[in-house]
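These protein sequence lines map, in sequence, to chains S, E and R. Each residue of the first sequence is one higher than the one before, starting from 1372 at the first, in my numbering. Each residue of the second sequence is one higher than the one before, starting from 226 at the first, in my numbering. Each residue of the third sequence is one higher than the one before, starting from 90 at the first, in my numbering.
If you're looking for bench data, these hints aren't it; they were derived computationally from the structure. Everything numeric in this text was worked out from a predicted model, so none of it was measured. Even for Gly, the Cβ is constructed at its ideal location relative to N, Cα and C. Hints may contain errors.
What the hints assert, rightly or not - Each pair of labels, with its calculated beta carbon distance range:
#: 1; chain 1: E; residue 1: ALA371; chain 2: S; residue 2: SER1385; range: 23 to 29 Å
#: 2; chain 1: S; residue 1: SER1377; chain 2: E; residue 2: PRO279; range: 33 to 39 Å
#: 3; chain 1: R; residue 1: ALA157; chain 2: E; residue 2: ARG502; range: 53 to 59 Å
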Amino acid sequence: MTAADSPDELVISSGDDVVRVRQLVRNRAQAAKLSLVDQTKLVTAASELARNTLIHGGSGRVLVENLTRNGRAGVRAVFSDDGPGIPDLQLAMTDGWTSGSGLGLGLSGSKRLVDEFDIDTEVGRGTTVTVVKWTR
Amino acid sequence: MGNEDSTRLRDLLGGDQADLLRQWTEGAAKPMQGRLTEAELHQTLGELLALLVPALGEGLDVEGPGYASVRALLTELSREWARRGFTPSETASAVFSLKDPLFAAADRQSAPLDTVIAVSRWVDGLGLFTFESFARARESVINEQAEQLLELTTPVVKLWEGVLAVPLIGTLDSARTQIVMEKLLQALVDTGSEHAIIDITGVPAVDTEVAQHLLKTVVAARLMGADCTISGIRPQIAQTIVALGIEFGDIPTKASLADALLHALRGSGVDVVRQQRRRAN
Amino acid sequence: MDRVPLLSLGDALLVSIQVDLDDETVLALQEDLAERIVSSGARGVVIDISGVEIVDSFIGRMFGSIAALSRVLDAETVVVGMRPAVAITLVELGLSLNGVRTALNVERGLTILRKLTAERHPRDAEDDDVAFDDHGGDGGEVMAAQPRA
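Please construct the entire structure, taking both the sequences and the accompanying hints into account.
See below:
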């Protein structure tokens, strides 16, 4: 896997930032020539995860970059925060589960919208979610 | 060692290039059996030879930077010959047939075994690269054709004002079903139709993935404010669906396209009435 | 923060969403809508999302909130113009938008609202003057007709 160019980093600390994350991810998805439906799925997932980072993580950041693997182009977004972490990941990944801090459908739904989904979280250490979407 | 070899190879190639090219063209033409004119072959191989001589100045590594223009030409060649229906072996053979005239030249100069081995390895490298490019080129041609075929076999048909149908024929795979889904939904928006029918009479079998896609299409259509019916479910498919435990829930399914059309018409406030014949008295 | 404009179409309000919605804009929209429904006596709300490229669970919940809010104020809501890519994504996301009615476009949405209001307020529906016509479809302010005495 090689990075096609340098990654962009955005701070997520307000509702406006969530909008900025959407725009950034959309630009990267268009650059990778993802189909319209795939672009929509990726940007929607990014919106969910950015919101999670803001609401559950307190604030955080996202790193977005274009990738290539085996001749296919893709986009990777890494959301990270230094928030409380997720105590019961299994439960959080179940559909329809909502914590007081509004995780809701965010995680399980986002996972279905992307090709690769990885989550690294520990109570007291924060959370990092990595998602990748490839061209078909 | 490498430098000596590349120098010796340059000597072999440097000799009588016109004669070398002639021998090469003759050798390459034989398996082609006239599908390619000698003149064309002569031209193409001539271009290649012209690039190979200076490339040798950079060494023997076909993947190295000095061979960029050689690789570009070979890629172009593979693409062209792939389109024209030549096999990968035929294309690579044209390159491999450079060996014979080079062996002959090495023999005339009583070159050492090392040189002969170097010739063989070097041409092998070129031939293999050609084979690789060919495979990649053919894949992309196949992909293009597959896309075109997909376009042709997934028509969205207007059955009535506000009623669209997609009659699917043949085996469904995940990719094709997704394309059908997107086309149908877009057509609903473009035509302002509120009823969609996906007819699978012509589909012999449905697997879980395809069934899921069909279901998602129906739900998506509903979200958009239209309704979607699936018709033409054969008994075998019905059994498969039940066996796989797929829940069709409250999604309307009709045995035939005709039933589905009637259902859609009624949904849009239209009814079909049998005409009464008046008997003449 | 942008404020989403509200247009009167007969007895309905048209909300045409063209911008990327952030939290503040959503809250402002809900406030404006509540106020306008009451002040105009509107019976229906049409939310046109044909210009919306992304609907995430937050926006989805907003639709639900607006529908519930309107119902409390005796108005019905229809969301119209959902793009295919958005619909496909919502299905994958698992968002069902329960309790929110949808239609293909503004025209269909108004038709649905007309039927719904006729069901809920049969006496008003007999009056020809009270209608959800959009008089040519180009929106704009139209005075709500007064019911005959």
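To see whether the hints hold, each was checked on the structure:
1. E:ALA371 with S:SER1385: 23 to 29 Å: violated, 46 Å
2. S:SER1377 with E:PRO279: 33 to 39 Å: holds, 36 Å
3. R:ALA157 with E:ARG502: 53 to 59 Å: With a Cβ separation near 55 Å, ALA157 of chain R and ARG502 of chain E satisfy 53 to 59 Å, so the hint holds.
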